[in-house]
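Could you build the full structure based on these sequences and the hints that come with them?
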Amino acid sequence: MNSVVLKPLYNIIRQNVGHTLFVVCILFGSAGIADPVFKWNVKGVQVCADSGNPESLNIAEDGTGGVFIVWIDGRNKTVTGSDVYCQRLDSTGNPLWQKDGIPVCMEPGDQKNAKVVFNGIGGAVIVWEDARSGREAW
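In the numbering used here, the protein residues as written are 1 to 138.
Hints may contain errors.
Claimed, not checked - Below, in silico cross-link-like pairs of lysine-lysine (BS3-like), each with a Cα-Cα straight-line distance of 25 Å or less:
#1 K99 <-> K112
#2 K99 <-> K115
#3 K112 <-> K77
#4 K77 <-> K99
#5 K115 <-> K77
Said to hold, decoys possible - DEER-style ranges, computed between Cβ atoms:
#6 V127 <-> N76: 27 to 37 Å
#7 N113 <-> N76: 26 to 36 Å
#8 K99 <-> G123: 35 to 45 Å
#9 G65 <-> R132: 28 to 38 Å
#10 E107 <-> E55: 35 to 45 Å
#11 G122 <-> T78: 27 to 37 Å
#12 T64 <-> G109: 30 to 40 Å
#13 S51 <-> G109: 16 to 26 Å
#14 N76 <-> V125: 36 to 46 Å
#15 K77 <-> G120: 13 to 23 Å
#16 S91 <-> R132: 31 to 41 Å
#17 F118 <-> T92: 15 to 25 Å
Keep in mind the hints are simulated off the structure, nothing from the lab. Glycine included, each C-beta is placed from N, C-alpha and C at the ideal position.
Okay, structure coming up:
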């Protein structure tokens, strides 16, 4: 039996009005061959259409065939600086959380370099650098 591992590939596609974040994921078998039953849209799955210029994307499997996606977003830059947002997609690429992701940290001062890992029990652990009181990891 050929095991299937999710290998996320991503691309940020910018549109004329604001910036839209799309994620493209391809399933690979253990031999490194693309799985022909892959169901996500080959053009990508929209994760965030807000005008916050999403960047520094990081992706982790969620243990059920989906993914957790975190990014740095400037939609509230004039108030809180750059913030950390997250979205979860199911195994068919459908967003499970609110449109444009949920805020993880919106504290004053810029957040950057967000990373996400699956916690092994259905959730995720998210860390980032934070400038609210100097440069610290949270």
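Looking back at the hints listed earlier, which ones does the structure fail to meet? Hints 6, 7, 8, 10, 14 and 15 not satisfied by this model.
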